[in-house]
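A.B. asks: Below, each chain spelled out in residue letters.
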Amino acid sequence: MEDLKTFLIDKVLLFESDTLPPESEKKLQQIRREKPANPVIYVSSGTSSVIAGSEKTLSAIETYISENSPLVEVINVGCNGPANFEPLVCIHIPGKNKLFFRNITEEKVEPLLNGVFHNDINEDDLAGQTGTKGFELWPGIPFMDQLPFFTHQKRVVLGNCGCYDPESIEEYIARGGYRAYIKAIRHYTYEEVCDVIERSGLRGRSGGGYLTGLKWKHALNTSSNARYLICNAKESDPGAFTDRTILESDPHRLIEGIAIASYAIGASNAIVFMRSGSEHAQNRLQKAIDRAREYGLFGHNIYSSGYNLDIIIRKEPGAFVCGEETALINTLEGKRGMPQLKPPYPTTSGLFGKPTVINNVETLINVPLIMQNGPEWFRSMGTEKSPGTKVFAVAGKGRMSGVVEIEMGTSIRTILEDIADGIREGKEFKAIQLGGSSGSFLTKDDLDIPIDYETLREKGIGMGAGGFVIIDENTCMVDLVRYYMEFIRNESCGKCIPCREGTGRMLEILESVIRKPLNEDSGTTLERFKGVMQLETIASVMKDTSLCGLGQTAPNPFLSALKNFRDEFEEHIFDRKCRANICRGLRSFSIDVDKCTGCTACASKCPVNAIYGTRLQPFFIVEEKCIGCGICFDICKFSAINVK
Amino acid sequence: MGTELDIILKKFKQGKREDLIPLLQEIQEELGYLSEEAIVKVGSFLGLSTTKIYGLATFYDKFHFIPSGKIQIRICNGTSCFLNGSLTIINKIKEEIGVSAGQTTRDGNFSYEIVSCMGGCHNGPLVNVNGQYHTHVKAEQLPELIKKLKYIIEND
Chain A
1 MEDLKTFLID KVLLFESDTL PPESEKKLQQ IRREKPANPV IYVSSGTSSV IAGSEKTLSA
61 IETYISENSP LVEVINVGCN GPANFEPLVC IHIPGKNKLF FRNITEEKVE PLLNGVFHND
121 INEDDLAGQT GTKGFELWPG IPFMDQLPFF THQKRVVLGN CGCYDPESIE EYIARGGYRA
181 YIKAIRHYTY EEVCDVIERS GLRGRSGGGY LTGLKWKHAL NTSSNARYLI CNAKESDPGA
241 FTDRTILESD PHRLIEGIAI ASYAIGASNA IVFMRSGSEH AQNRLQKAID RAREYGLFGH
301 NIYSSGYNLD IIIRKEPGAF VCGEETALIN TLEGKRGMPQ LKPPYPTTSG LFGKPTVINN
361 VETLINVPLI MQNGPEWFRS MGTEKSPGTK VFAVAGKGRM SGVVEIEMGT SIRTILEDIA
421 DGIREGKEFK AIQLGGSSGS FLTKDDLDIP IDYETLREKG IGMGAGGFVI IDENTCMVDL
481 VRYYMEFIRN ESCGKCIPCR EGTGRMLEIL ESVIRKPLNE DSGTTLERFK GVMQLETIAS
541 VMKDTSLCGL GQTAPNPFLS ALKNFRDEFE EHIFDRKCRA NICRGLRSFS IDVDKCTGCT
601 ACASKCPVNA IYGTRLQPFF IVEEKCIGCG ICFDICKFSA INVK
Chain B
1 MGTELDIILK KFKQGKREDL IPLLQEIQEE LGYLSEEAIV KVGSFLGLST TKIYGLATFY
61 DKFHFIPSGK IQIRICNGTS CFLNGSLTII NKIKEEIGVS AGQTTRDGNF SYEIVSCMGG
121 CHNGPLVNVN GQYHTHVKAE QLPELIKKLK YIIEND
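So the protein lines, in turn, are chains A and B. For the first sequence, position 522 (counting from the first letter as 1) is numbered 522 according to the working numbering, and the numbering increases by one without interruption. For the second sequence, position 71 (counting from the first letter as 1) is numbered 71 according to the working numbering, and the numbering increases by one without interruption.
Chain A with its partners taken away, still in its complex shape (with noise of 0.2 Å):
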């Protein structure tokens, strides 16, 4: 172990050109198990794995092959992207191309393992093979790069996800790692990273777009004795798990991009702001930065080059609009996590009154990549102004889903019909919601629009943190508008007018709308549609003078629901109908009286008394009475009660 450990550092770290000796080659090779002796097994171990149940598979394989076959190797990896095929696992057979098995749970770990060793495979858990040259095909399997899932990605950033074992600092420096830092700290100033970060192009993935290279020249060019990085991984909008996935498949690349980041602007700490509830990235990450430690990568003069660095992590204590810069900087102060009056700007006062730079982990992880392949090539993926790829978290009513890349200037298109393969069961595609609690609805007519920063903000619509939400018709736009709104009024902090005023009055006026009026005069109805329409009222005034992102973006989803669905909000007002059958206020009941044995249950249990009837007669439901609240639905034992 001491020995592969110097071998690294001297051999490889330390070594002056870019092409390394042919022996050293060959012994990274094996690191990297290219050409391994015995049969490697890959287990999937991503947070969306270990929910379809990995644990379980591996604890399995690890029971068989002690049992069956102890020289085959286990090897834990991150997630390879396609969440609906969790658990995936891996099989890499002497001389062969490495083949892909999807859902494989504890269950069938045995009969494929069988299959596999004595090559009589099954075919309804292939996913598909891999292979470079030298290796034999597995005929008649498709390649995993053909799958359309693949086809359209590209996979930079992602492009360690699902091949390596994320605990293992070896393979990484295997793979290339750690080598553009240390060139970084030897040769390079300062002002020379930023410079080639900045002629990259390489814009801010959190949303806002601003160049990254420019931003830490800002702190850069700051007069201090002390600067701060931090990585903002606090990443918590409902349906975004972007960040995280890259954390927990490939911790050691963002922690080289933290430590490029950190020596670009002369900081000696990073900070990591966690999103809590992550326990399985966290603890990947803190493993990942221990690891970094023994090899010598922080601490003092590092590699002497007269660079100190130290990383931490801090958990984030439960709130969403910590992810604002300013708000984050508050809470890493011991301090409540409300957002300040932008400028000062963090890269001029930020953490503790230092210049501060908080980048994204989507942007610091492109860092080292830059550094390895430079600027121009980075400029050769995506648009002219918003180069190199894009992350999103698809999930929602796809066919497929899980973490894709694309390359920007990809069109949402794309993403939709082949990445993810279209709707579930045949469903009508009604939106895309793209991201999250601050982002915007897109209909079928926005889907040819190309992902990149200039077209997204054109169309007023916000690039956000990598959600992507697939919507079909069985969902009520009311009812979503109604759930983000939700979310928003509870993570407001309070602290400005707009945002907290305005958030509860937006989430009254919704729930009212998908309330059942309590009497029927004519007055009502028009109340009613007059709400909606204050309601944009609040939105522009919200827009227009909340403190933060938070507040100036949640109308954002209720605008463009409003814009793109007025049918339906007209039509759960006026008509008191929900298309999709979601808004339970809405709903009428009546009972089937072939069906109704008269049990009593209903009738008892029915909070309004709407119910009557005669014991062991059919029971009905007095219209005018009922409030719409479903418990007689969900009681009856007879599916007597119609729903309409």
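Rather than coming from a laboratory, the hints here were simulated on the basis of the structure. Cβ atoms here follow ideal geometry from the backbone N, Cα and C, with glycine treated the same way. Check each hint, because a few of them may be wrong.
What the hints assert, rightly or not - Where chain A lies over chain B, by a calculated footprint (3+ residues, C-beta under 8 Å): (1) 11-25; (2) 37-45; (3) 70-79; (4) 124-135.
As the list claims (entries may be wrong) - Residues of chain B clear of chain A, computed beta-carbon distances all greater than 10 Å: (5) 4; (6) 51; (7) 55; (8) 56; (9) 61.
Following the hints, put chain B in place on chain A, whose structure we already have.
C.D. replies: Chain B only, in chain A's frame:
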């Protein structure tokens, strides 16, 4: 109890304001909640008034001031789970357990919280019981699950 607190306090030798949140987090991890005693002690340690600490701790969702239940249930309410019907799951659990999110039942057995996204979107709605994930949960399965959990507690 006092000694556990002292051990944690010792880790933060300098006792600065910015240590407050990590300190409270660590205490909560150790004790399961923030007791009054702990907050008073942290206050005198950092030289901060107790009101200030309460003011900070109540701002954040993840601090609890009552012990959580023996069985902790986390329900995912991310967009994807919401589309798949997490609201009915939340209502059903509320009905079965009889307390609201963030509270603990009187017998100290159950507590539940709603979280924004667990990251298993394809398998929603998701419910996590003491670290164990339940996927594709349906409201009608819940009474059975709660019954089973109650049985486990009683026989423990």
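A.B. asks: Does each hint hold? Answer for all of them.
C.D. replies: Comparing the hints with the structure gives:
For the region 11-25 of chain B, the assignment as covered by chain A holds, since 9 residues bring a beta-carbon within under 8 Å of that chain's beta-carbons and 3 suffice. Note: the region 37-45 of chain B has 0 residues with beta-carbon separation from chain A under 8 Å; the three-residue rule is not met and the coverage is violated. Coverage of the region 70-79 of chain B by chain A holds in this model, with 4 residues showing a Cβ closer than 8 Å to a Cβ of that chain against a need of three. With a cut-off of 8 Å between beta carbons, the region 124-135 of chain B has 3 residues touching chain A; three or more are needed, and the interface restraint holds.
Chain A leaves residue 4 of chain B outside its interface by the beta-carbon criterion, the shortest separation being 19 Å against a cut-off of 10 Å. For residue 51 of chain B, the requirement that its beta carbon stay farther than 10 Å from each beta carbon of chain A is met, with the minimum near 13 Å. At roughly 7 Å, the least C-beta separation between residue 55 of chain B and chain A is not larger than 10 Å, which violates its mark as non-interface. Look at residue 56 of chain B: its CB is around 6 Å from the nearest CB on chain A, not clear of 10 Å, so calling it non-interface is violated.
Consistency note on residue 61 of chain B: stated as away from chain A, yet its beta-carbon is not over 10 Å from all of that chain's, at 4 Å minimum.
Hint violations for this structure: numbers 2, 7, 8, 9, all remaining hints satisfied.
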